Amino acid sequence: MVNALAPETTERTAGPRTAGPADGGRGRTRRLRRRQAAVAYLFLAPALLFFAAFLVLPLGFALLLSTSRWAGFDLGDIDPVGLDNFAGLFADGSTFLVPILTNTLLFALGTVVLALAGSVLVATCIDKLRFQGLWRTLYFLPIVTTVVAVGNVWKYMYEPGGLVNGVLNACGLGSVAFLQDPDTALPSVVVVQAWASAGTAILVLTAGLKSVPESYYEAAALDGAGPGTVFWRITLPLLRPSLLFVCITQFLTGLQSFALIIVMTKGGPGDATNVAALEMYRQAFSYGDWGTASAAAFVLFVVVLMVTLAQLWLFRRKGEDA
Amino acid sequence: MIRRRFPWLSYLVVVAGAVLTVVPFLDMVMTSFKGPGESGTLPYRFLPEAFDLSNYRAAVDQLDMPALFRNSVAATALITGSVLLTSSLAGYALAKLRFPGRDFVFRLVLSTMMFPPFLFFIPHFLILVHWPLAGGNDLAGRGGAGLTVSIVALTVPFLVNGFGIFLTRQFVISIPDEVLEAARIDGAGEFAVWWRIVVPQTKPVLVTLGLLTFVDAWNEYIWALLVSTADPDVMTLPVGIQLLQDHVDPARTMPVVMAGLVLSILPVLVLFLLLQKYYIRGVILSGLK
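Line by line, the protein sequences give chains A and B.
If you want my numbering, it's the position in the first sequence, counting the first as 1, plus 27.
If you want my numbering, it's the position in the second sequence, counting the first as 1, plus 1328.
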């Protein structure tokens, strides 16, 4: 900023003696600035045009659809119905609140709890081991793998002749119909989602642990603190920012996920593993009910938005504390 | 301290976790070598009787793997290229150029990250189908398939990425103004400044962003599934493999599906192993994934 102003100020001090160059200099600066603005908008044009066509327009369209009834053929036939679609979602006998929205929250919550417990354990243990690169690579495999691979491998492992039941049988236990039994289907999918997302959590937590000063541990050792005390009194409190971050971002991801469920159970049996985003998808692309689908999308969006705002609020407050 | 007193305990936890992480992948690889009638039978057996390579042959033939591979490569390359180009251009403009409305545009870019992807599946699909004067549509968007019937349809929702712009901007800011100014005095236009100075200086972040985008685009499933219901010719690897899984007798085709999956995740795996450092930095930077 200072740089760009520099030529102008030097020429202004020289101004009184020779008026001509000062005027020309100011004009040139203005011309340069105008050219820079034109170039800037040229550089931004692809992104801004994209946002207009594929962000603003779609949002408006989705809002219109959520308050309309439409067969999906002629744009002239969109029939406004006000908030009927939203009312329909929460009407008696609708499955949207229970079990679909409850499943969504259970799915997200279960994933966070499982992934966090596992990753805290692994991250605190991995911190001072050798071959950290190797461990990190191994734990990272699920993250760079397509959801179709993750879903199919686990679906196959849950089969009667699959690995999980093979292990159960080897331990003398009976087989479990993990994905076919409405009682076990949702927890079974939650385990897979947690398994797939633990790698990210481990990574972020390991990075957080690196910033804990070694001297804290040495002081604790001098005071004769046991491993439990060190973990609860030093590691966990100092890890709090990373934990909070992982918690909320994974909860947000969990609320929106449905690709894994499409691959593994398609929402079944019944609605046992159906979640809001999947319901939206099915209402739209299986039943052609664009209105109900868009309304469901906006309800889920409100939930996601509230969590996002809570996250921003938490982190801003933390920033003020520091 | 837990680490000093019980190093074996730490090893135990880390190794157990690693085994839990890797075993499903090993099961996938082992199954891909099993012969017909060898998978899904009781009692469960981890190792194949003989390492049978025919499933890979079958995956390539039955799935029309070359076509799927081609579509995946084309879509991924388009998305990655576009995200890198638009992010770098916009990131430079927002970081180093002065123009009216800059703060507003920057806030707009930030706010685009607030809208989750699921919100756009329906409107994007309908807008592409009803795009006027494309794919046999009339001016009102009626009659044809619009923009959904080409490889481009696979890429459209992902071509620009608000996070990419933000990330690049943060790195461009750290380039000293003097360097850019010197280039301008030497007669370089803004485009030359961007290409000769900004792009080389931000190479590490571009590699990170490119890798994140590549992995996401290669693994994308939901949108590719939607678009290929409109046009089966643009099916990508994940969609094609899932289709085989859904429609054929699972007991017999499971090894073929697993072989297809192994082949489909190999490119990303190789890239990740080569460029781990950049990818991991990207995940820490973005957090969301």
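Hints were generated in silico from the structure; no laboratory data involved.
Given the structure is predicted, the values throughout are model-derived calculations rather than measurements.
Please note that the accuracy of each hint is not assured.
Dumping the calculated EDC-like pairs for lysine to aspartate or glutamate here, alpha-carbon to alpha-carbon at most 20 Å [as the list claims (entries may be wrong)]:
1) A:293 with B:1392
2) A:155 with A:241
3) B:1605 with A:241
4) B:1605 with B:1544
Each hint, compared with the structure:
1. Proximity of residue 293 of chain A to residue 1392 of chain B is assessed by CA-CA distance (about 25 Å); at most 20 Å being required, the pair is judged violated.
2. With a CA separation close to 11 Å, the supplied pair residue 155 of chain A and residue 241 of chain A stays within the 20 Å bound.
3. Restraint check: the Cα-Cα separation between residue 1605 of chain B and residue 241 of chain A comes to about 24 Å, which exceeds 20 Å; the hinted pair is violated.
4. Taking the CA atoms of residue 1605 of chain B and residue 1544 of chain B, the gap is about 17 Å. The hint holds against a cut of 20 Å.
The structure is inconsistent with the numbered hints 1, 3, although it conforms to all the rest.
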